[in-house]
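Sequence order for the protein chains is W and D.
For the first sequence, position 67 matches number 67 in this note's numbering, and the numbering has no gaps at all.
Positions in the second sequence are counted from 1; adding 330 to them yields this note's numbering.
If you are wondering where the hints come from, they were derived from the structure by calculation, not from laboratory data.
Remember, it's a predicted structure, so these values are computed and weren't measured experimentally.
Beta carbons: idealized from backbone N, C-alpha and C, even for Gly.
Hints should not be assumed to be uniformly reliable.
[Claimed, not checked] Derived list of chain W stretches under chain D, where covered just means 3 residues or more per stretch with a C-beta under 8 Å from a C-beta of chain D:
(1) 4 to 12
(2) 25 to 35
(3) 47 to 57
(4) 96 to 108
[Said to hold, decoys possible] Listing some non-contacts, in silico: residues in chain W with all C-beta distances to chain D over 10 Å:
(5) Glu81
(6) Pro188
(7) Ser224
(8) Arg277
(9) Thr302
(10) Arg322
(11) Glu323
[Claimed, not checked] Restraint ranges, calculated between C-beta atoms of paired labels, are given here:
(12) D:Glu359 with W:Arg234: 29 to 37 Å
(13) D:Gly425 with W:Asp22: 50 to 58 Å
(14) D:Cys370 with W:Asp64: 40 to 48 Å
(15) W:Arg234 with D:Gly425: 20 to 28 Å
(16) D:Glu454 with W:Thr256: 47 to 55 Å
(17) W:Ala80 with D:Gln372: 23 to 31 Å
(18) D:Gln428 with W:Glu252: 58 to 66 Å
(19) D:Asp410 with W:Glu133: 52 to 60 Å
What follows is the residue order along each chain.
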Amino acid sequence: MKPFDYQRATDADSAISLVSGDPEARYIGGGTNLVDHMKLGIAEPGKLVDITRLPYDSVESLPDGRVRIGATVRNSDLAAEPVIRQRYPVLAQALLSGASGQLRNLATTGGNLLQRTRCSYFQDVTTPCNKREPGSGCSALEGWNRHHAVLGASERCVATHPSDMAVALAALDADVLVEGPDGQRTVPVTELHRLPGDEPERDTVLRHGELVTAVELPSLPFASRSRYRKVRDRASFAFALVSVAAAVELVEGTITDVRIALGGLAHKPWRATEAERVLRGAPATEETFRAAADAELAAARTLRDNEFKVPMTRNTLASVLRELTRQEGS
Amino acid sequence: MRLNLTVNGRAMTADDVWEGESLLYVLRERLGLPGSKNACEQGECGSCTVYLDRVPVCACLVAAGQAQDREVGTVEGLADGEELSTVQRAFIDEGAVQCGFCTPGLLVAADDLIERVPEPSDAEIREALAGNLCRCTGYEKIMAAVRTAAERSGGTSGSGSSAGGDRT
Ligand SMILES: Cc1cc2nc3c(=O)[nH]c(=O)nc-3n(C[C@H](O)[C@H](O)[C@H](O)COP(=O)(O)OP(=O)(O)OC[C@H]3O[C@@H](n4cnc5c(N)ncnc54)[C@H](O)[C@@H]3O)c2cc1C
Ligand code: SF4
Ligand code: FES
Ligand code: FES
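Same shape as in the complex, but just chain W (with noise of 0.2 Å):
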């Protein structure tokens, strides 16, 4: 590992001009990601700014109805949360789904949403990946392909995100506060990650030094009835082949919203806005719910290992569907 400068910010002004003003410093949360990714090789920060001790720490209900996780909250204590438990279970259930108890005690809000592909080729310094070094090739593209993506990827990289807790943020319209070296701003969480077109190495919309503080979930009270269902290789402690999030509202049978987001297929969470488009203002059923999933999937392109993907994604978001209008009819 490259030797590098540690200091423990104390403030956010001096945190963001700590990293703004050194193309090689970093911010680092529970360094989950960041700590894993110095040890292999992918990347050498000169200067680490440790943000933990910042006072993005708790979970606050606004007085409008939203509620503002703080940046650093850690992902066990925020999936403990009874305002999350309560109001978005969806949120509760994809971050229980993520990782182990060990590094969900560490992992950050901010850090979860920042984390990097788990593209084997990405991880491995030896062979050639456009996101880890532009212009080197994609090796996934032709090699060994299951976990990658379906929609929306590019002929330079076919990585997807990893996060569970980002897909319950997409589906749910959570706001994610920035701060950087010109003030604030505020990105919808579904336009904080790009895909990746001919710049691949660039995960997301955020500029070196910007500092995410906080995430704000909208008051989306049917969100109350919503589902995280992740499918993978084993029951426990293993990134998702496909995963759904979902939250329905429904009257008398008929779906009269519905937010939904996909994970496992894309280099971004993925909001299944034609889906929800079939969706809105339709019965709640069988061939509702596959017309749904079909139009979402209409677009996919599959990989040499990883057409199962679109079955899988079909027949999850239907039982999703099917689980969750069942519930509220009952």
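Dock chain D with the ligands against chain W, hints included.
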């Protein structure tokens, strides 16, 4: 840097620590506490599990600098002198130890579970230990050991160890 931290209730100092070393390295190589094991070094196996500020974490992914002024509890802190903790005793009695490489991490994870959930269901035990891999036992005897430890702690608070410190 000079690293000050509390380990198993004692204030400790390590000098010439490079901030990028892992907490695991500091414990094993600088503080003479080789109980926590290093296997994958990537957060995948749990053999390095220690308490950090009273919650179990993978010490291999904690940069030493991040441990400054914090409270660490290791497997060495589970026993009270020669007196093994309830979880340790149960692992021996149930034959849950083979090569023993996974054991220190499992003991800390199990200690934490019983502290939080005095009467865990099998599903809760499995989930709590999901981050700890064992290549030898097939897990059945580990499950039995945790059940036994929970029973022996009488569903009261905790397993009798103080490595996790006092919790409110
Ligand atoms: C073995 C293993 C299994 C895992 N399984 C899963 C899983 O099943 N599902 C899942 O979703 N995840 C999984 N993870 C990933 C885990 O959730 C992430 O590593 C974790 O959430 C990252 O959070 P962190 O705080 O540790 O991030 P760090 O490692 O501290 O940071 C990650 C990145 O974010 C940047 N950063 C951190 N905080 C901020 C901020 N506030 N503002 C700006 N930049 C910031 C850092 O510079 C760095 O680039 C797994 C990880 C491991 C090691
Ligand atoms: S899919 Fe993306 S991350 Fe994986 S090898 Fe190709 S360019 Fe690299
Ligand atoms: S050595 Fe830390 S989890 Fe394997
Ligand atoms: S006893 Fe050998 S790894 Fe668990």
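Comparing the hints with the structure gives:
Only residues whose C-beta sits within less than 8 Å of a C-beta in chain D count toward coverage, and the region 4 to 12 of chain W has 4 of them, enough to reach three; the restraint holds. Counting residues of the region 25 to 35 of chain W whose beta carbon lies closer than 8 Å to any beta carbon of chain D gives 5, which meets the minimum of three for the stated coverage. Judged by the Cβ-Cβ criterion of 8 Å, the region 47 to 57 of chain W is covered by chain D as claimed, because 3 of its residues qualify and three suffice. For the region 96 to 108 of chain W, the proposed coverage by chain D is satisfied: 7 residues have a C-beta within less than 8 Å of a C-beta in that chain, meeting the threshold of three.
Interface exclusion of Glu81 of chain W from chain D stands, the closest Cβ pair being 15 Å apart, more than 10 Å. Annotated as non-interface, Pro188 of chain W keeps its C-beta farther than 10 Å from every C-beta of chain D; the closest such distance is 30 Å. Distance check on Ser224 of chain W: its Cβ is at least 24 Å (rounded) from any Cβ of chain D, clearing the 10 Å threshold; non-interface status holds. Under the 10 Å C-beta cut-off, the non-interface status given to Arg277 of chain W relative to chain D holds; the minimum distance is some 37 Å.
Residue placement check: Thr302 of chain W keeps its beta carbon more than 10 Å from all beta carbons of chain D (closest about 28 Å). With a closest Cβ-Cβ approach of about 24 Å to chain D, Arg322 of chain W is found to remain outside the 10 Å limit, as its non-interface label requires. With 10 Å as the threshold on Cβ separation, the claim that Glu323 of chain W sits away from chain D holds: the shortest Cβ distance comes to roughly 19 Å. For Glu359 of chain D and Arg234 of chain W, the hinted distance range of 29 to 37 Å is satisfied, since their beta carbons lie about 33 Å from each other.
As the Cβ distance of Gly425 of chain D to Asp22 of chain W is approximately 54 Å, the hint placing it in 50 to 58 Å holds. Between Cys370 of chain D and Asp64 of chain W the Cβ separation comes to about 45 Å, which falls inside the hinted range of 40 to 48 Å. Against the hinted window of 20 to 28 Å, the Cβ-Cβ separation of Arg234 of chain W and Gly425 of chain D comes to about 25 Å, which satisfies the hint. At roughly 37 Å, the beta carbons of Glu454 of chain D and Thr256 of chain W sit outside the given window of 47 to 55 Å.
Look at Ala80 of chain W against Gln372 of chain D: about 26 Å separates their beta carbons, and that is inside 23 to 31 Å. Look at Gln428 of chain D against Glu252 of chain W: about 59 Å separates their beta carbons, and that is inside 58 to 66 Å. Between Asp410 of chain D and Glu133 of chain W the C-beta distance comes to about 53 Å, which sits within the given range of 52 to 60 Å.
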